[in-house]
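Just so we're aligned: the sequence shown equals residues -23 to -1, 1 to 219 in mature numbering (1 follows the signal peptide of the UniProt record, and there is no 0).
Source of the hints: derived by calculation from the structure; they are not laboratory data.
Keep in mind that a hint or two might mislead.
Listed next, the in silico DMTMM-like pairs over lysine to aspartate or glutamate satisfying Cα-Cα at most 20 Å (straight line) [claimed, not checked]:
| # | residue 1 | residue 2 |
| --- | --- | --- |
| 1 | Lys44 | Glu103 |
| 2 | Lys76 | Glu161 |
| 3 | Lys217 | Glu161 |
| 4 | Lys102 | Asp158 |
| 5 | Lys181 | Glu161 |
| 6 | Lys76 | Glu41 |
| 7 | Lys77 | Asp196 |
| 8 | Lys77 | Glu103 |
| 9 | Lys166 | Glu207 |
| 10 | Lys192 | Glu207 |
| 11 | Lys181 | Glu207 |
| 12 | Lys57 | Asp31 |
| 13 | Lys166 | Glu211 |
Label pairs and their computed distance ranges (CB to CB) [what the hints assert, rightly or not]:
| # | residue 1 | residue 2 | range |
| --- | --- | --- | --- |
| 14 | Ser156 | Gln195 | 30 to 40 Å |
| 15 | Gly43 | Asn81 | 16 to 26 Å |
| 16 | Val185 | Thr59 | 34 to 44 Å |
| 17 | Thr216 | Ser58 | 37 to 47 Å |
| 18 | Ser58 | Val185 | 32 to 42 Å |
| 19 | Ala146 | Asn53 | 36 to 46 Å |
| 20 | Lys44 | Ile205 | 35 to 45 Å |
Glycine included, C-beta positions come from ideal geometry on N, C-alpha and C.
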Amino acid sequence: MNRSFFKKAMVGTAALATVLSLAACGSKGASSSSSSSTNESSSTSSKKTVTAADKIAAAEKLIEQGKYQQALDEVNSVTKSTSESRALATDLQNYIAAKKAYNNGNYDQALTNLNTVSSGSSAIKEAYQSLRIKITAAESSNSTTSSSATSSATSAKTAAATSSSSSSAANASVAQSTSEDVIEAFATKMGFNQQGYGIIPVQKNGSVYRFEVRKNNQDNTVANLIGIYEYNAETGSVTKIS
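Taking the hints into account, I'd like the entire structure generated from these sequences.
Spelled out as structure tokens, the structure:
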């Protein structure tokens, strides 16, 4: 009787131990699974998606450093482009082409390549204005010198050089005080915000600007004058002077 009782007790104890052991294993497994799931979730949330806005911000910093090709590469590496990233890419392409033409002494080509800014980037607007000032000065100097090239007298040459220098400086000064936003607004209104058109600020009186507009020929080597316009930035009105 006692032996039977002890056997039953021992069997019961063994069964209980097995149940407890299995329960402990299950608890550890659940804990491990939960921990793994938490780690995966944490890892996923720590991976930030790089957006077009991030790429544009990085490109702006490169533009400020004068690294235009790197800025273009940065914008072009956007996984999902936006209208703003595409506009900035276009602005950079035009700027790089204009800068190359300017450095090679092809001022007409530089002017028409530059055209107008289409993005909202403040960094590229500053770059455009800086280059436009240089192109304006070079174009003014070339124009005045060319128109006086037929004169062979020493005094006439001196006068032409003086006139060229002063005209160049004056137009460069006007370009410096004319924001790219004003040029873009005028160009958009008149349909000049396209490749092939070049705009030179030549006069400013308060909010009234005078622009010289040129259009390149078919092989993009010469930009012919198509008109001089007055633009009122406050009213948006445009008058063709010549």
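Query raised in the report: For this structure, which hints from the list above don't hold up?
Result: none
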